[in-house]
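Given chain A, put chain B with the ligand in place with the hints provided.
Chain order of the listed sequences is A and B. Just so we're aligned: 179 in our numbering is position 179 of the first sequence, and the numbers increase by one with no gaps anywhere. Just so we're aligned: 325 in our numbering is position 325 of the second sequence, and the numbers increase by one with no gaps anywhere.
It should be emphasised that the hints constitute simulated quantities derived from the structure, not laboratory data. Quantities reported herein were computed from a predicted structural model and do not represent experimental measurements. Positions of the beta carbon are idealized from the N, C-alpha and C atoms, including for glycine. Be aware that one or more of the hints could be misleading.
What the hints assert, rightly or not - Below, a sample of chain A positions facing chain B; criterion: calculated Cβ distance under 7 Å:
hint, residue
1, H112
2, A113
3, E116
4, T146
5, S153
6, I155
7, L197
To be verified - Which chain B residues stay away from chain A? Per the calculated CB distances, all over 10 Å, these:
hint, residue
8, E93
9, T169
10, S351
11, D387
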Amino acid sequence: MAVRGPAPPLSGGELYAEYPFLPGAEALVAGEGLSVRALLEGAAYERARVIGRARVLAAQDDPRASSTVQELASAGPDERYLSFLFARLVLSAAPAAGGLRRWAVAEAKRAHARLEHAPSDELEEVARRLGFVFAASPKLVRVDLTDYVRLASPIREAEFRLASQDLSGGGVFVPAPRAARLLQEAVRRELAVPVPLTAELLAAVRVRESELLADVARRVPAAFERGRARPTTMDRGRFPPCLRRMQRTLERGENLSHAGRFCLASFLHRAGADFETIVDAFRGAPDFDESITRYQVDHIRSRDEGRGYEPPECDTLRSHGLCARDGDPEGPEPKDRERDPLCYEPFLKHPLQYYRLKGGVSRDGKEGDRPGPPAPKGRGGPGAPSR
Amino acid sequence: MAKTPPLDARTLAWARGEFSRYYARAAVPAPERLDRREIALFPFAEANLMRRHTAARSVEELRRYLAAEIPRHVYYSSAYYRHPEAASMAAKEWFGADLIFDLDADHLRGAETLDYPGQLSLVKSRLIDLVDDFLVRDFGVSPRSTSFVFSGGRGYHVHVRDERFARLTSPERRELVDYILGTNIDPKRAVERASADVRSGRTVAVADEAEAAPLGRRGRGASTLRLAPPDAPGWRGRTTRALLALLARWEAEGAPKAASELIGWGADARKARRWAKFLVEEKRSERIRTTLALDVFGQESPEEFLELVVRRAAIEVQGETDAPVTTDIHRLIRLPGSLHGGTGFQVVPLSREAIDGFDPFASALLPDEGRRTTVELLADVRYPFPDGGLVGRVGETVKLATPRALFLVLRGEAALRP
Ligand code: SF4
Chain A
1 MAVRGPAPPL
11 SGGELYAEYP
21 FLPGAEALVA
31 GEGLSVRALL
41 EGAAYERARV
51 IGRARVLAAQ
61 DDPRASSTVQ
71 ELASAGPDER
81 YLSFLFARLV
91 LSAAPAAGGL
101 RRWAVAEAKR
111 AHARLEHAPS
121 DELEEVARRL
131 GFVFAASPKL
141 VRVDLTDYVR
151 LASPIREAEF
161 RLASQDLSGG
171 GVFVPAPRAA
181 RLLQEAVRRE
191 LAVPVPLTAE
201 LLAAVRVRES
211 ELLADVARRV
221 PAAFERGRAR
231 PTTMDRGRFP
241 PCLRRMQRTL
251 ERGENLSHAG
261 RFCLASFLHR
271 AGADFETIVD
281 AFRGAPDFDE
291 SITRYQVDHI
301 RSRDEGRGYE
311 PPECDTLRSH
321 GLCARDGDPE
331 GPEPKDRERD
341 PLCYEPFLKH
351 PLQYYRLKGG
361 VSRDGKEGDR
371 PGPPAPKGRG
381 GPGAPSR
Chain B
1 MAKTPPLDAR
11 TLAWARGEFS
21 RYYARAAVPA
31 PERLDRREIA
41 LFPFAEANLM
51 RRHTAARSVE
61 ELRRYLAAEI
71 PRHVYYSSAY
81 YRHPEAASMA
91 AKEWFGADLI
101 FDLDADHLRG
111 AETLDYPGQL
121 SLVKSRLIDL
131 VDDFLVRDFG
141 VSPRSTSFVF
151 SGGRGYHVHV
161 RDERFARLTS
171 PERRELVDYI
181 LGTNIDPKRA
191 VERASADVRS
201 GRTVAVADEA
211 EAAPLGRRGR
221 GASTLRLAPP
231 DAPGWRGRTT
241 RALLALLARW
251 EAEGAPKAAS
261 ELIGWGADAR
271 KARRWAKFLV
281 EEKRSERIRT
291 TLALDVFGQE
301 SPEEFLELVV
311 RRAAIEVQGE
321 TDAPVTTDIH
331 RLIRLPGSLH
341 GGTGFQVVPL
351 SREAIDGFDP
361 FASALLPDEG
371 RRTTVELLAD
381 VRYPFPDGGL
391 VGRVGETVKL
401 ATPRALFLVL
411 RGEAALRP
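Next up, chain A with everything else stripped away, as it sits in the complex (with noise of 0.2 Å):
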């Protein structure tokens, strides 16, 4: 690691207001004797509780942070700490995970704010405590090269890809700013996960703050909108492995390549699904924005006089990592954790023509597919024998 520099300008306890979710912020309120159930009915943490919920139901309302949060602006270190336990624990409580994982991108946007413009020294010091070798240097930072592709390959943007930066001897040399953005990327990551919770405790939280919950709830997108069946040609029991791992990816509120959106998006117009459908799936996204998503999707669905964009092969999948002929480990049915034999078939090239050999009807009119040719013997598995 570099030389340090001079001391961050923050103060302790400031870089903690700034940072709650450093290991250690806790020092913050050392003194007194905290704990989690005081914070979550003690009458002296009222204040902390009500910018908490302001914390929690601006980022349903807004994971990208673009307003800020009247309450936050007019507290002390202490009390923004302290509203920020709360909003993870409540959030750590509820029974399904898209409200915490809008509330991390939130969270990790608004720290970003701060980032963007802090000294290089002070982005080493956050990374340094979220578990990143970070070495500021007068001009750029250096982060380690397994740290940049674990928080580069979740954002999209093409700067950020390793074939455009300057790498050498195991180090990706980056300005402040890029950096700034990857710890954004490190803290959503450290935020996304919910805090353990004894039972008794969850029970606890879900109690007191059952309106709150509910109130998230509602406001998270669903994943398929409730309520509003929509008659579709399109058959989900007939979707390729990858594909159906990728829906439940979103249902899940977990973030998606953007490899990943493209192809769900194209495969689902060709297999027949309506707009209102397909914008619908990207619902548990944690970024999910309703303009850019109807413009996006508009745009895939449009191509080439509504025939959409061809969604890509079995091989280029693999190349993403997207494809799971080998089985999802984390499947909820069987079915869905086995290999999938289908998948195995040498003549198999393509998700659409999977689901059009399971009888599913695609928009370019093909049906049912006659099978290929029958297999050569011999196929390896998993994982093609080199040579």
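Frame of chain A, contents of chain B with the ligand only:
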């Protein structure tokens, strides 16, 4: 996967017998953390069915298994599993994987037109680029955590065992792969705008990307375009290095060669000849090589030219782009120390120092124990084995050292005499 020509039952039995002599005695080395790896194999059989999901707890167990099974091809998983013998991926419980590079003539652009020895040496030169330039220089991989293997076929494998990489997921490995393959690299990044410093009279680079104007539009005043220094990190420096090496070669080979090469890479023929003329014939490439300045392009943007050149600096692949540099975290890879069932060559582990001088024809074939086998040639053959090589014409009947006969038979270029 090995392309193995179909062999009849008698030939299979003979070849299996030769392999069994090897496996009965071979001290096949254990891959690191053997007990966490899946072992898979193809037997000598007409139906080419793979047997998977085996594990070996110790190197002795592995050797006994090979001696008993006498496989035609053997693989092990680049992945580490908690239960390597389990039949499904979910039950295996993946917990990490080596970084594997599999450079094979089948995947490299430019190999199609070469003969077998030519392909092997092309692959070797790309392998050395991959290791020295990408893995060590850029990725900071320690040569100590890297091992090299001659695949026994038409390529080489690199195994990187480095804790830092082991747990990377597929999409994360994707970034590394794209870097090496040069996916979407932007040659503009290798061009800097230099401006004459009024006071010192020296040129200074305007390094800040934000300040750099798009290529082609000449800036105001005395600023010129020039290449990033050759030691600049990442693809910027690599682009410069590739261009400088290319220019030096063209200066030696002449303008017509340069033009035809550019055309071969897809350049418009008129442009290619013009570039070749002013760069090589009029010797303006020297100015680039000595000053890095790109002003020899005059009003023309050098972007199109660079675009063609920069591709040559990537590990160029064709077909399934993932084959050589895999993001597949369940990949199977040929077991070092085993025999390749399509050539009879040993899969030879090599040190970095040994790669340069390695010649499979001299050192990967099983030793000649004096036994001879008579075969009929099914093709014209020419292989640079030691002592005069192996040369013959289709239809000839020849008596060969058994390992050489095995080589030709497994390749489908000779048949056992009835
Ligand atoms: S083989 Fe093709 S269709 Fe099947 S899971 Fe993989 S990408 Fe999807």
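Hint check results:
no.: 1; hint: H112; result: 19 Å, violated
no.: 2; hint: A113; result: 20 Å, violated
no.: 3; hint: E116; result: 15 Å, violated
no.: 4; hint: T146; result: 4 Å, holds
no.: 5; hint: S153; result: 5 Å, holds
no.: 6; hint: I155; result: 10 Å, violated
no.: 7; hint: L197; result: 27 Å, violated
no.: 8; hint: E93; result: 8 Å, violated
no.: 9; hint: T169; result: 7 Å, violated
no.: 10; hint: S351; result: 20 Å, holds
no.: 11; hint: D387; result: 28 Å, holds
Hints 1, 2, 3, 6, 7, 8 and 9, counting from the list given before, are not met by this structure.
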